[in-house]
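First to last, the protein sequences are chains W and D.
If you're matching positions, the first sequence starts at 1 in my numbering and goes up one per residue.
If you're matching positions, the second sequence starts at 296 in my numbering and goes up one per residue.
Keep in mind that the hints were calculated from the coordinates and are not lab data.
Here the structure is a predicted model, which means the values were calculated and not measured.
Among the hints, a few may not be true.
As the list claims (entries may be wrong) - In silico DSSO-like pairs for lysine-lysine, Cα to Cα no more than 30 Å straight-line:
| hint | chain 1 | residue 1 | chain 2 | residue 2 |
| --- | --- | --- | --- | --- |
| 1 | D | Lys378 | D | Lys442 |
| 2 | D | Lys446 | D | Lys374 |
| 3 | D | Lys302 | W | Lys295 |
| 4 | W | Lys22 | D | Lys404 |
| 5 | W | Lys58 | D | Lys446 |
| 6 | W | Lys55 | D | Lys341 |
| 7 | W | Lys222 | W | Lys205 |
| 8 | D | Lys378 | D | Lys460 |
| 9 | D | Lys353 | W | Lys58 |
| 10 | W | Lys55 | D | Lys446 |
| 11 | D | Lys374 | D | Lys427 |
| 12 | D | Lys374 | W | Lys22 |
| 13 | D | Lys353 | D | Lys374 |
| 14 | D | Lys404 | W | Lys60 |
| 15 | W | Lys58 | W | Lys132 |
| 16 | D | Lys457 | W | Lys22 |
| 17 | D | Lys404 | W | Lys55 |
| 18 | W | Lys55 | D | Lys457 |
| 19 | D | Lys402 | W | Lys22 |
| 20 | D | Lys446 | D | Lys428 |
| 21 | W | Lys58 | D | Lys302 |
| 22 | D | Lys450 | D | Lys355 |
| 23 | D | Lys378 | D | Lys428 |
| 24 | D | Lys378 | D | Lys355 |
| 25 | D | Lys428 | W | Lys22 |
| 26 | D | Lys450 | W | Lys22 |
| 27 | D | Lys427 | D | Lys355 |
| 28 | D | Lys457 | D | Lys427 |
| 29 | W | Lys295 | D | Lys341 |
| 30 | W | Lys286 | D | Lys460 |
| 31 | D | Lys446 | D | Lys403 |
| 32 | D | Lys353 | W | Lys295 |
| 33 | W | Lys22 | D | Lys341 |
| 34 | D | Lys404 | D | Lys428 |
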Amino acid sequence: MPDQDTLYARWLNGDISPEEEKALRSSGEWAELDAIINAANSFTLPRYDQDDAYKALKSKKKDTRVLPLNAKWIMGIAASVSVLVAAYFVLTPTHTQISAAYAENQIHHTSDESIIVLNDGSSISYDESDWKNERIVNLIGEASFDVIEGSPFIVQTAYGQVEVLGTTFNVRSWDNAISVECYTGRVKVTYGGKEAVLTKGKGVKIAGNNSTSFNIDHNSAKWQSGLSIFRSERIENVFFELGRQYNVVVEYEGDRMRFSGGFVHDDINNALYQITGPLGMSYEIKPDNIVRVFK
Amino acid sequence: MADNVCKEETYQSLFYTHSEHLRNFLYYKSGNLAQAEDLVQDAFSKLWENCEDVTFEKAKSFLFTVANNLFLNQIQHQKVVLKFESRGHSERNDETPQFILEESEFKKKLEGTISSLPEDQRTVFLMNRIDKKKYREIAEIVGISVKAVEKRMHKALTHLRKIHKDV
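Bound conformation, chain D alone (with noise of 0.2 Å):
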């Protein structure tokens, strides 16, 4: 018998599940951290409004076209400006604080130019690096071919090696 959504601890265990990789999905596209957790909300929200009517196998997909459609909907006024944390600071005795100065720079230069790709350029590879996820699962959560993903990337990546160009 499969899990029903509207049980308690199902819906939990939904929440658990995907309710982080979802809110980083929105932020990747909307630059907008309170934005992209509100639409969490809205979209779990819906889930449980329709928990019925969807199965637990559904609810992932369900969940990720319910937030983007919600996302659409919103006007989007200001430009998307994303901000990374740095996991991980290296621990090497060898680094001078000229390649700790210059790499701090590279990596603030590759933020700022993360966040000016396109939308979909910058989501599949941020999907990609972020949450790890393989083309596979990024082709099936925003509905291409995994062959469009891949363009998708190559095109970022394409796009990121102006930094260089740019001493």
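With the rest of the complex left out, here is chain W (with noise of 0.2 Å):
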């Protein structure tokens, strides 16, 4: 039985049983709901200048924003954990498959956010389709992963696994070895049928039927100081961080977003194809040590 309360909003959209339309053709009320529909039907408010109210809108827009002194927002990568393995891929469509060439380090996020970064040499591939319940890659060389929490995390090698259960680790697999070490959270090992599971602080050498147990008193990977990373940040405060890394100041001229990526401390044309790169933008080093960024 519909609700006495809601009767003349249904009336209004035609929503009404045959009795309850009979009982109001009798009573007269629908005969005042339809004047008052009627005379209402004709009201309108005044006319709204929207080319005008945007031109006001536009003239107010200021763009000066407050860079912050102290940069808490950047991300140094806190833990890596190695892996040496030889490893195969295989490519299937929805596969994403990144090298690092010689001499360059290679910074990636997955679309969940998660890092990796390649040392030198090193190569990566993994297929996105089933990230939700699985988070597969696969590893040739060094990388340093820093994971967001979510689903099981792998890293395959031909030579073992690592499972990350949440946390931030580096992989080094080279000849026949793996070589894992964890910095934050737990990382489970699994080589040749065996576990070997690390805590922060822990690493583990595998070479053949060998394996080694250490301790480590670092807690991000030697290989990778110099490198700024960043998660869903705002592009000016990058662009901050850049200029403060290379003392240059730069120009940007393109949309506010937000970027996840890195740059390297080391070599500023590389720094800058870093960022620019993945937006599709060009960048030009000028006298006096500004930087233009532009489409």
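Assembling the complex is the task here: the two chains are given apart, and the hints tell you how they should meet.
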């Protein structure tokens, strides 16, 4: 039985029963409501000049923003796990494959913003089609991982696999050996039917049938100094940090947006390319330490 | 790739899509056209300031929520008196001057009674009648259930029926 307290609202939509219609007509309510609605239907509001309003809005729009003096939002790679493995890849349509050419670190982020930094000569490939349930990355060489909490994250190499249980780690895999260092969280290394679980400050090296555990006293990969990494950071902050690292001023001529990725500290051209490349933009280094970034 | 609200064209198209209904919404609440138009500007300014964080799909909801919050922060002094313009005069020749006069008096009474409705009923009623919004869309904007919208509409019409009493 429809509610009495929505009767008139339903009447307006033609959403009443024959009994209700009969009652409304005979009581005269129908005629009264009709008169109200007919009169209300002729009401309009004064015209709103959108062109004028938009012009006024644009002239008010200020783009000055105060840039932070201390950059708390800069993320370094806090930890890494090294795994040495020779791996093979199976390529499917949803596969992503990334290689770091020699003399170039490659900073890569996946769709869930996990960050993978590749050391020279290394490559990874992964398929995101089932990323919600399982995240599998195949690795040749050495990479550092900063994994967002989520479904199981597994780094596979020909020699063994590393399963991340919510952490940051480095995996080094060369010459038939695996070396894994864990800096935060927990990592499980599986090789030849055996398993090793590493917690913060522990490492393991596996070659052939030998495995050696060791303690580590550093909290990030040794090869990885000199990087700034960002996750969904305002682009102007990214350029601010680059400017700080290289003592330049960046004039950015693009849209405001958020950027995930990173840049190296030892080569300004690589650094600028690492940011502008993914954005499809170009840069120009001008005299007086000014860099122009444009489409 | 989703539209970036920080892009001028996207931002502008959001303005042309939503500004009028946003202004109307605020006018129904406040009865003050200038205040309503100012609030529209403020809400869109806030959208620009936060453009990296608001997706295109969420922009409408952001605008109405921000505008409503800004409105609530302003002190409402005056009684709400809404003024409507009449659209489309009847061209029928068989209407006597008496009829036309009575009709316009009726509309005046209606205008006054609508103005004195409680704000939540008034807003919902006018969004439906003037902006032609369906109950579902009104529910989303105001943040209540469709059933609650229907109840407010019913109450509004119940009040408005009273015009017929004082002849």
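Against the structure, the hints:
1. Among the hinted pairs, Lys378(D) with Lys442(D) is consistent with the structure: their alpha-carbon atoms are about 29 Å apart, no more than 30 Å.
2. Of the supplied pair hints, the one linking Lys446(D) and Lys374(D) holds, its CA atoms being roughly 24 Å apart against a limit of 30 Å.
3. A threshold of 30 Å between alpha carbons decides the hint, and for Lys302(D) with Lys295(W) the separation of about 13 Å falls inside it, so the pair holds.
4. A hinted pair counts as satisfied when its Cα atoms are at most 30 Å apart, and Lys22(W) with Lys404(D) qualifies at roughly 28 Å.
5. Pair hint Lys58(W) plus Lys446(D) does not hold up; C-alpha atoms about 40 Å apart against a cutoff of 30 Å.
6. Between the alpha carbons of Lys55(W) and Lys341(D) the distance comes to roughly 16 Å, so the proposed pair stays at or under 30 Å and holds.
7. Under the criterion of a C-alpha separation no larger than 30 Å, the hint pairing Lys222(W) with Lys205(W) is consistent with the structure, at around 16 Å.
8. The hinted pair formed by Lys378(D) and Lys460(D) meets the criterion: a straight-line CA distance of about 22 Å does not exceed 30 Å.
9. For the proposed pair Lys353(D) and Lys58(W), the alpha carbon gap of about 22 Å is at most 30 Å, so the pair holds.
10. For the given pair, Lys55(W) sits about 40 Å from Lys446(D) by alpha-carbon distance, which is inconsistent with the 30 Å threshold.
11. A threshold of 30 Å between alpha carbons decides the hint, and for Lys374(D) with Lys427(D) the separation of about 25 Å falls inside it, so the pair holds.
12. The straight-line distance between the Cα atoms of Lys374(D) and Lys22(W) is roughly 39 Å, outside the 30 Å bound, and the hint therefore fails.
13. Straight-line distance between C-alpha atoms of Lys353(D) and Lys374(D) comes to about 33 Å, which puts the hinted pair past the 30 Å bound.
14. About 40 Å separates the Cα atoms of Lys404(D) and Lys60(W), which puts this hinted pair outside 30 Å; it is violated.
15. In summary, the hint linking Lys58(W) to Lys132(W) is not supported, as the alpha carbons are separated by about 42 Å, beyond the 30 Å threshold.
16. Annotation: proposed proximity of Lys457(D) to Lys22(W) holds, straight-line Cα distance about 21 Å (limit 30 Å).
17. The straight-line distance between the Cα atoms of Lys404(D) and Lys55(W) is roughly 37 Å, outside the 30 Å bound, and the hint therefore fails.
18. Annotation: proposed proximity of Lys55(W) to Lys457(D) is violated, straight-line Cα distance about 44 Å (limit 30 Å).
19. This hinted pair checks out: Lys402(D) and Lys22(W) have alpha carbons roughly 27 Å apart, not beyond 30 Å.
20. Simply put, Lys446(D) and Lys428(D) have alpha-carbon atoms about 16 Å apart, close enough for the 30 Å limit, and the pair holds.
21. Between Lys58(W) and Lys302(D) the alpha-carbon distance is near 13 Å, which keeps this suggested pair within the 30 Å criterion.
22. This hinted pair checks out: Lys450(D) and Lys355(D) have alpha carbons roughly 27 Å apart, not beyond 30 Å.
23. Restraint check for Lys378(D) and Lys428(D): satisfied, since their Cα atoms lie roughly 20 Å apart, inside the 30 Å limit.
24. A distance of roughly 26 Å separates the Cα atoms of Lys378(D) and Lys355(D); the hinted pair therefore holds under the 30 Å criterion.
25. With a CA separation close to 28 Å, the supplied pair Lys428(D) and Lys22(W) stays within the 30 Å bound.
26. Annotation: proposed proximity of Lys450(D) to Lys22(W) holds, straight-line Cα distance about 21 Å (limit 30 Å).
27. A C-alpha spacing of about 17 Å is found between Lys427(D) and Lys355(D), which places the hinted pair at or below 30 Å, so the restraint holds.
28. Of the pairs offered as hints, the one joining Lys457(D) and Lys427(D) holds, with about 24 Å between alpha carbons and a cut-off of 30 Å not exceeded.
29. Using a Cα cut-off of 30 Å, the hinted pair Lys295(W) and Lys341(D) holds, with the two alpha carbons roughly 27 Å apart.
30. With a CA separation close to 80 Å, the supplied pair Lys286(W) and Lys460(D) exceeds the 30 Å bound.
31. Note on Lys446(D) and Lys403(D): the hinted pairing holds, with a Cα-Cα distance of about 25 Å set against a maximum of 30 Å.
32. For the given pair, Lys353(D) sits about 27 Å from Lys295(W) by alpha-carbon distance, which is consistent with the 30 Å threshold.
33. With a C-alpha separation of about 51 Å, the suggested pair Lys22(W) and Lys341(D) falls outside the 30 Å cut-off, and the hint is violated.
34. Taking the CA atoms of Lys404(D) and Lys428(D), the gap is about 24 Å. The hint holds against a cut of 30 Å.
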